[in-house]
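These protein sequence lines map, in sequence, to chains A and B. Residues in the first sequence are numbered from 1 upward in steps of one, following the numbering used here. Residues in the second sequence are numbered from 1 upward in steps of one, following the numbering used here.
Hints were generated in silico from the structure; no laboratory data involved. Among the hints, a few may not be true.
Which copy is meant is left open, because identical chains are indistinguishable; a pair holds if it fits in one copy or across any two.
Unchecked claim - DMTMM-like, lysine to aspartate or glutamate: derived pairs with alpha carbons at most 25 Å apart:
1. Lys-189 x Asp-88
2. Lys-215 x Glu-295
3. Lys-215 x Glu-284
4. Lys-165 x Asp-54
5. Lys-115 x Glu-285
6. Lys-256 x Glu-25
7. Lys-165 x Asp-16
8. Lys-294 x Glu-252
9. Lys-189 x Glu-271
10. Lys-256 x Glu-295
11. Lys-94 x Glu-174
12. Lys-115 x Glu-271
13. Lys-215 x Glu-271
14. Lys-44 x Glu-18
15. Lys-23 x Asp-61
16. Lys-97 x Glu-190
17. Lys-189 x Asp-167
There are 2 protein chains.
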Amino acid sequence: MEIPDVVIVGSIGYDDIETIYGKKERVLGGSLSHAAFGASFFCKVGIVGVVGRDFDQQHLDLFKNRGICTKGLKIENGNTFYWCGAYDEFNNPKTLKIDLGVFQNFRPELPEEYKKVKYLFLANISPELQNHVLSQIENPEIIVLDTRARWINERRDELMDVIKKVDILTINDEEARLLFGNNLIKAGKEIIKLGLSAAIIKKGEHGSLLFMKDKIFSIPAYPIENVKDPTGAGDSFAGALIGFLSQVGFNEENMKKAIAYASVIASFNIEDFSLDNLKNLTREEIEKRYNELKEITRI
Amino acid sequence: MEIPDVVIVGSIGYDDIETIYGKKERVLGGSLSHAAFGASFFCKVGIVGVVGRDFDQQHLDLFKNRGICTKGLKIENGNTFYWCGAYDEFNNPKTLKIDLGVFQNFRPELPEEYKKVKYLFLANISPELQNHVLSQIENPEIIVLDTRARWINERRDELMDVIKKVDILTINDEEARLLFGNNLIKAGKEIIKLGLSAAIIKKGEHGSLLFMKDKIFSIPAYPIENVKDPTGAGDSFAGALIGFLSQVGFNEENMKKAIAYASVIASFNIEDFSLDNLKNLTREEIEKRYNELKEITRI
Chain A
1 MEIPDVVIVG SIGYDDIETI YGKKERVLGG SLSHAAFGAS FFCKVGIVGV VGRDFDQQHL
61 DLFKNRGICT KGLKIENGNT FYWCGAYDEF NNPKTLKIDL GVFQNFRPEL PEEYKKVKYL
121 FLANISPELQ NHVLSQIENP EIIVLDTRAR WINERRDELM DVIKKVDILT INDEEARLLF
181 GNNLIKAGKE IIKLGLSAAI IKKGEHGSLL FMKDKIFSIP AYPIENVKDP TGAGDSFAGA
241 LIGFLSQVGF NEENMKKAIA YASVIASFNI EDFSLDNLKN LTREEIEKRY NELKEITRI
Chain B
1 MEIPDVVIVG SIGYDDIETI YGKKERVLGG SLSHAAFGAS FFCKVGIVGV VGRDFDQQHL
61 DLFKNRGICT KGLKIENGNT FYWCGAYDEF NNPKTLKIDL GVFQNFRPEL PEEYKKVKYL
121 FLANISPELQ NHVLSQIENP EIIVLDTRAR WINERRDELM DVIKKVDILT INDEEARLLF
181 GNNLIKAGKE IIKLGLSAAI IKKGEHGSLL FMKDKIFSIP AYPIENVKDP TGAGDSFAGA
241 LIGFLSQVGF NEENMKKAIA YASVIASFNI EDFSLDNLKN LTREEIEKRY NELKEITRI
């Protein structure tokens with residue numbers, strides 16, 4: 001009945017992915033997988049998600065080998081969520097095939113001890129499901145929320161309702177512009193006006209912007225020459241962010257450090273397909289890039 | 001016969017500009033105008049360019065009031081270069097009308113004392129004209145080069161020839177990708193391989209990347225909520241860069257500072273139409289934003 005440091009709710013799936021660097025079939029993907037791996041370098045993680053009967057034991061083992069608690073992972077009759085996509089040379093994804101499988105009827109239920117968690121990350125699922133998770137959580141300290149353009153377009157009101165209940169929103173630049181117009185500085189400030197403690201706009205290769213009550217920070221991306229597979233970059237980023245925060249607590253200085261660590265984890269994530277690079281990553285390699293990142297931006 | 005600290009060669013024109021913030025007619029523009037103003041906050045500037053008989057005395061006075069030497073500015077029979085353009089909400093420009101006027105036959109000739117200048121900025125003109133200027137310069141310490149997508153597309157070989165002769169290349173992200181492919185980190189390294197001391201990739205709202213022999217730095221943009229007119233942002237940036245460098249000399253630390261100052265000047269440039277905001281800018285306002293910029297990126 002150990003309470004994890006961080007609980008993450010999201011999707012787990014199998015991906016067929018094609019990039020200019022090659023093609024991989026049936027690799028482990030989904031927002032939850034990337035986020036859980038990202039967080040696992042910093043803290044004890046519990047995951048809440050669903051997979052089908054086809055889910056491979058080796059992938060369950062992958063989670064366990066990283067110390068990730070899978071008590072909240074349901075195995076249902078049917079197939080695991082499946083996504084087939086291709087990225088162009090500018091890293092823009094195109095969905096070629098999608099099969100929701102058991103994810104279609106996913107209704108996240110937190111194991112009893114997870115309800116007492118202090119740090120919760122709601123990775124990309126529908127605002128309705130995110131709200132359902134919020135109704136189960138007892139006394140959280142920090143809730144981080146992610147979303148996708150789809151929910152901004154199709155479920156704006158429900159999404160805004162969820163956003164107002166969380167502490168930190170992480171979205172990418174395209175989503176921020178969809179929410180509050182083209183100027184990212186204005187968009188970030190508008191998010192803060194909703195009552196959040198922090199908003200992070202993820203800009204991929206351009207790094208990220210952090211907005212707090214009356215401050216703005218800019219943290220660069222760790223420079224990567226070969227982006228083999230951008231899938232899950234934002235998820236591993238957000239996972240690392242909350243994982244680090246759970247160990248040091250929320251404040252301005254820690255947020256900046258957390259984003260720098262998040263950038264580092266995302267940089268490893270995109271250097272190989274799926275979770276291949278995160279699987280064997282060491283804390284030493286993380287610290288090396290973290291120190292380099294600090295140096296890159298020091299004026 | 002005083003030698004300026006910095007000589008800048010480029011275009012001067014009249015612009016009709018429309019953005020989502022409004023429309024302005026016949027305002028002072030051109031790469032040379034924005035660059036000269038940007039540099040003038042840091043050093044003694046001499047300009048080399050051409051205007052027509054229609055060029056307004058008040059605009060000559062504008063240069064003189066900022067201490068900019070106009071000895072290299074030719075006034076020819078005909079009209080001043082004219083550009084009419086509109087920006088969409090994403091700050092993408094569209095040329096609606098263009099009339100080269102006297103700029104069509106521009107052949108830059110340096111006044112005798114300018115040939116001894118130590119810091120030269122070749123703003124956007126054709127590679128052929130840039131080469132012609134290089135043939136006149138006697139013993140420069142630092143040459144900064146800018147260019148446009150047009151020359152990469154239409155005069156690649158001539159442009160590459162010029163690039164190899166300079167010390168610092170400043171280009172925007174779109175141009176960098178045109179030159180060396182989609183990955184900006186690779187593109188920057190490729191430029192350095194040509195033998196340059198530094199390459200700066202300007203990314204607008206996303207700040208800029210600095211590449212040196214074996215180092216990469218990332219300097220954020222100063223956050224601006226209301227981008228009234230993006231015209232000349234990159235030119236004022238490059239002008240400020242070389243202006244600052246001319247006072248402190250070229251090295252790694254000074255380059256980072258120079259880019260931070262350049263970002264600050266560009267941030268003022270885009271907050272109003274044409275040079276309206278730079279006209280009355282004080283050194284105190286510049287220093288304030290410079291210190292804020294350092295803070296924005298400190299982890």
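Please name the hints from earlier in the document that this structure breaks, with their numbers sorted from lowest to highest.
-> The structure breaks hints 4, 5, 6, 7, 12, 14, 16; every other hint is satisfied.
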